[in-house]
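*Asks:* Sequence:
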Amino acid sequence: MILVACGLQREANILRGLGVIAIPGGGDAARLEAVLDGQAAGAAMIVSAGIAGALDPALKAGDVVIDLPEYSREDGNPESQAMAPVALDPRVRGGTEEMIRAALPQALYGQIIGQDHIAATAAEKAALYAATGALAVDMESHIAARVAARHGLPFIAIRTISDTADESLPPAALVGMNPDGSMALGKVLASLARQPGQLPALIRTGQSAEAAFRALKKVAAAIATLRG
Numbered sequence: 041m042i043l044v045a046c047g048l049q050r051e052a053n054i055l056r057g058l059g060v061i062a063i064p065g066g067g068d069a070a071r072l073e074a075v076l077d078g079q080a081a082g083a084a085m086i087v088s089a090g091i092a093g094a095l096d097p098a099l100k101a102g103d104v105v106i107d108l109p110e111y112s113r114e115d116g117n118p119e120s121q122a123m124a125p126v127a128l129d130p131r132v133r134g135g136t137e138e139m140i141r142a143a144l145p146q147a148l149y150g151q152i153i154g155q156d157h158i159a160a161t162a163a164e165k166a167a168l169y170a171a172t173g174a175l176a177v178d179m180e181s182h183i184a185a186r187v188a189a190r191h192g193l194p195f196i197a198i199r200t201i202s203d204t205a206d207e208s209l210p211p212a213a214l215v216g217m218n219p220d221g222s223m224a225l226g227k228v229l230a231s232l233a234r235q236p237g238q239l240p241a242l243i244r245t246g247q248s249a250e251a252a253f254r255a256l257k258k259v260a261a262a263i264a265t266l267r268g
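Numbering (the working numbering), first residue to last: 41 to 268.
These are computed hints drawn from the structure, not numbers from a lab. Worth double-checking, as some hints may not be accurate.
Pairwise CB distance ranges (calculated) [said to hold, decoys possible]:
1) A84 <-> L232: 40 to 48 Å
2) G59 <-> P236: 44 to 52 Å
3) G57 <-> G237: 37 to 45 Å
4) R71 <-> K227: 14 to 22 Å
Glycine residues also receive a C-beta, built at the ideal position from the N, C-alpha and C atoms.
The task is simple: from the sequences and hints, build the whole structure.
*Replies:* Quick look at the structure:
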């Protein structure tokens, strides 16, 4: 079984399938980590997948970014949160990478970072890019990596770009997710009523998100190839 950490219910609906369980975090880091921990015992791999914000200015909406880190606890303490890169059996890495590259030939490879809040502004994205060199940022990858480390499981992150590095998200986009990962339409409409001038930016954000969701269907098909 492959355990997939994502953010939204819509992402989970795209990603889940036979042998693939998708868990939407809904922006609640503690809950997502607890659910992943509870199901990790039956998993062969943990994947972070879904939409993400670009940090690299060259990325555009709909691009696919893949990070193939390998993590392990630094010590034998199962409660340790510390992670350090290790060399897993090369047959595991090689096989996984070969299948992913074949399924997503246009994907870009590099670091994907996670944090507990949305990278909402172009200035924040620029600062993260300067500090880390990462290609993209999301709200689940760091959590999924921690859980994979604790359970000694392989971990990869595959993300599709929604908002570009030079985009600042409008206020309505920042309140659009309920804790269960469903869309908070009421909050979006209330935000629009307070600040109607953000409508063009919100439409642009929605169009970019649709490109990311279309690309995510290809990611779901790629993850399905890893079941064997």
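*Asks:* Should the hint that R71 and K227 are 14 to 22 Å apart at their CB atoms be regarded as holding?
*Replies:* Cβ of R71 to Cβ of K227: about 19 Å, so the range 14 to 22 Å holds.
*Asks:* Do the beta carbons of G59 and P236 sit within 44 to 52 Å of each other?
*Replies:* Check passed, 46 Å falls within 44 to 52 Å.
*Asks:* Kindly confirm whether 40 to 48 Å is satisfied by the beta carbon distance between A84 and L232.
*Replies:* Once the Cβ atoms are compared, 44 Å apart, the range 40 to 48 Å for L232 and A84 holds.
*Asks:* Does the hinted range 37 to 45 Å hold for G57 and G237 at CB?
*Replies:* The hint (37 to 45 Å, Cβ to Cβ) holds, given that G57 and G237 are roughly 41 Å apart.
In summary, this structure violates none of the numbered hints.
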